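Engineer: Residue-level listing of the chains:
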Amino acid sequence: MLFPILTCIVFLPLAGGLIILFVPKQNIGLIKTVATAVTAIDLILSIILLVNFNYSGSMQFEENLSWIPSVNIFYHLGIDGISIGLIFLTTLLSFLACIGSYSIGMRQKEYFFLYLLLATGMLGTFVALDLVLFYVFWEIVLVPMYFLIGIWGGPRKEYAAIKFFIYTLAGSIFMLLGILAFYFTSTPHTFSILELGKTTDALTMPIQILIFIAFYLGFAVKVPVFPFHTWLPDAHVEAPTPISVLLAGVLLKMGGYGFFRISFPLLKDAAHYFVLPFAILGAINIVYGAVVAMAQVDFKKMVAYSSVSHMGFVMLGLASMTTTGFNGALLQMFNHGIITGAMFFLVGVIYDRAHTRDLNKFGGLGVKMPVYAGMLTVFSLASLGLPGLSGFVSEFMSLLGSYAAFKIITIISVLGIVITAGYFLYMLQRVLMGPLNEKLAAISDINKRELFTLIPLMAIAILIGVYPLAALKFQMAAIEQLIAKLGGMIF
Amino acid sequence: MVNLAHLIPVFPFAAFVVNILFGRKVKKFSAIVSISASVISFCLSVYTLVCFLKGQGAYSLFNWLIFGGISLNIGVIVDPLTCMMLVVVTIIGTLIQIYSIGYMKGDARFSRFFAYMSLFMGSMLGLLLADNFVMLYIFWEGVGLCSYLLISFWFEKPSAAKAGMKAFITTRIGDTGLLIGIFILIFSAHTVYFSELGNLGTGPLFTAAALLIFCGAVGKSAQFPLHVWLPDAMEGPTPVSALIHAATMVAAGVYLVARCFVLFSAHGAALITVAYVGGITAFFAATIAVVNNDIKRILAYSTISQLGFMMMGLGVGGYSAGVFHLMTHAFFKALLFLCAGSVIHSIGTQDIQKMGGVFRKMKITGLSFVIASLAISGIPPFAGFWSKDEILSEILKNGHPFLFVLATVTSLLTAFYMFRLVFLVLFGKSRSEIHPHESPNVMTIPLGILAVFAIFIGLVGSPFMNNAFQNFIYPHEAEIMKPDYAVMGLSTLLAMLGIAVAYLLYMLNKNLLPQRVRQYFGPLYNLVYNKYYIDEIYDFLFIRPTMRLAKLAFKFDLGVIDGTVNGVARLTVILSKIAAWIDRYIVDGAVNMTAKIVGIFSLVLRRMQTGYIQTYLLIAFFGLVIIIFVKLIIGG
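Sequences listed follow chains A and H, in order.
Going by this note's numbering, the first sequence opens with residue 1, and the numbers climb by one from there.
Going by this note's numbering, the second sequence opens with residue 1001, and the numbers climb by one from there.
By construction, these hints were calculated from the structure, which means they are not laboratory data.
Computed from a predicted model, the values in this text were never measured in an experiment.
Wrong hints could be hidden among the right ones.
[As the list claims (entries may be wrong)] If you want a taste of the chain H side facing chain A, the calculated C-beta under 10 Å gives, among others:
#1 Y1059
#2 N1063
#3 K1105
#4 R1109
#5 Y1148
#6 K1551
We put the beta carbon where it would ideally sit given N, CA and C, even for glycine.
Turn these sequences into a full structure, and let the hints guide you.
Structural biologist: Okay, structure coming up:
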């Protein structure tokens, strides 16, 4: 392909960020315009990718340039069925959260610069096909995120930001070791994910297991997998709304994507060796996350723990080693991004008005905010896996896939769904129903800008729920190839 | 003829979309939108029935999802069961919506109400048309959602909000069973289509699948032990109760068992479970209905009881009997609820102890109520008689004496509590300041139409019409069907007895016998009056422990897991402080020590460097002496 579309998608936000650095900080309107424009163009470019996407499961839109020839590092980008959905998700949420960022009230110039830098890092992670490049993008994400939480966050922002930063950094150091191990065990030495895919099957089991664990520590923190999840509620609660959206919507997916792109295809034997722990951890995430979410009084924390629960389905689907489970797991990442992203927007809407997130301090808002109530209800239902909305499809497939491999664990996970229904409906009851809390009598309904950020997400949640093949057709061939390579079950 | 069955649910769904988006603009027209959608669905249902009679059957539409090695095609099933249910649901649904115009008049969320009603209709119709388990499950949950939305429709009332949630979660517990049952079918039989249920073969795994599928039905059809949501569902507007109890929601569970009947009948253990769960539920719900004082709750328990009857009928192998009762019950139960709604609408209370003598002012409502009560009690020739009688004779014929006793006692109780209700509400003197007045025509006309059905619809399955219904619904069974006059006589007698006792107690000897009953059976009465404390038991066994577990888990998360993380952080800080101390006092201390030692030495040495030549000479002299001395000793 002549036009380097992936490079454009990845670096356009950074370019926008650099432009913003030259805009005087008083000119907030222009800053917002630039940020919105680049994220909008990025979204359009990713839609162009979707339209021109070839469903065969091959790697496409590849760009491969030598970067550091002495150690065989390449600037190698490309996408396939596994990454295309996440690219679209990232550009979409970046655009919507950018609009959601208009209400940021201070130091907008720095904010939007860091925001766009973050977008570049996230997008780069999903398109990089060279491990060093992947690592660079992976680490780039940390820096703006640290400042975005640490400067624009809530009361305990410093604690949350440092916790997030150190936790993820600690994980990614092991990942770096894993990358180096790949390099030195391969002949000829290479960092190319595609090249490694052809040779790593020959690695001995102990080496595979060691490398697998090293990558696991990096990815598991990001997903987050129990017990590495406690940075998440803190980071979410303190982060400003648009950043929470990206944190839940995109950053968690980086971990899951790592399993799909690196751990499983490159370390086949180790992956098979670890399926049982994966399934158990998945079930723990699902049930434990749901049970803890049930106990929350902070709205945002509840949604954060619901993320822990929902990401469990990704682990469970991966553990199944079946096409259905993998498809479910990958789609679950996309759906979770859409649904939980929207949930964080919705928490932000009510926090901006009531200045509290305490679930016991709302009540009866369904009367005062009918449109908001409708939106919150739809996304809560999507989140608790109601058929007809997208969450159901991916949870169903993950569970069905894992049923083929692990009966009891699957049944335990299915019970987690009841608890999920419990805490979401309990939340709806406390926020929307009952007698109106008089202190909030003057509250206004959701405004047009906020509605604009939610409607595309709702449309996608309904579309995938009603016609799942619309999303699945992008990934099915790639998943089938992956399962074939892994020697999993076509089920 | 062109296949149009798949369009049947489309119109109500479209009405939902229109009303939810533009409801506040179109206001009262929202009712017209919903009702016209229902009418169109009704016409299409009749059309589908005609198509079926002309020999057209199931067809598939398009590929929807690929999983588990199955490429799932969306399709519709067109068979006697579905055709019959489609027509019944659309007739009753339409009448209930017409009635709702009057009942919901002036409600702030009038259009929202009709939007939900249409969604409810659409989901139920979709459920009936689904030709596979996955589609069924989707609409099944859709029906559950609608009942949640409608039960908690007046969500300002905390009790309504809670009741909606209870309905959703209780039924979802059953649904997890259904979901796992579906997994078993997909994994072990590689199918989700109803049409293939007949060739699964036997084996305990499929028995388990059948039982798990039945779990879903237990939840939806409010069978023991998942019945607790249905009485609370009375918090919703009364037309909603009518729809839930007659044509949608609870009917779905019985429909599911009927739909999977080949699976159940291939697994005797599963079938007999259905029968016993149904029988126990029928009896136990009837006992609660006897002592309750809330007009809608009595009807709710009667629904649970009648659903138990249907399950019993299916469970003993009487397919057409169970389905027949499902059909007749839909009409007279809808009628009962709409009559109750009319009374409540008029006098504003649901407590039957405050009612009485309503009949004089509400002739149409009252008459309809009596007709429906006769129908549910099983007095010939009303609708309930034929279907209930058929269930009874099926039970007897298939050799279940215990269930037969249970069923006959339940019939007696049914007639008794229904006429207790009739006498306390409609006749006698009013027991409080109430001013009943007849409801508007928009409400009474649907009552009249349903009353006609409640009288005559049973005849389609009677010997007078050669069991036309049974012949249609299940051709091979009807051939051996002979009227059992002994059972007919017995059931009629029992129903009369029940009515007579109610008359004696509540019309003639008011308050006398009940108090005596209370004296003798005080504790028992309390037990039944408190619904066997099942809600309390669940609260104690499940809800509180879950909440406690949640709090405990959160404490664990904060204390242990996050505590470990913070502990590691703190440990790192402490270690770094120790390292700093070591660095400062030991590493750096060693450096400083070296310097100090040099300093001490230099201090000593400096003393010697006085600058006086005499001192140096003296030191040199002593040095020389020492050297010579040493030399002498060693060398000598």
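Engineer: Okay, which hints does this one fail, numbers in order?
Structural biologist: Per hint list: 1, 3 violated.
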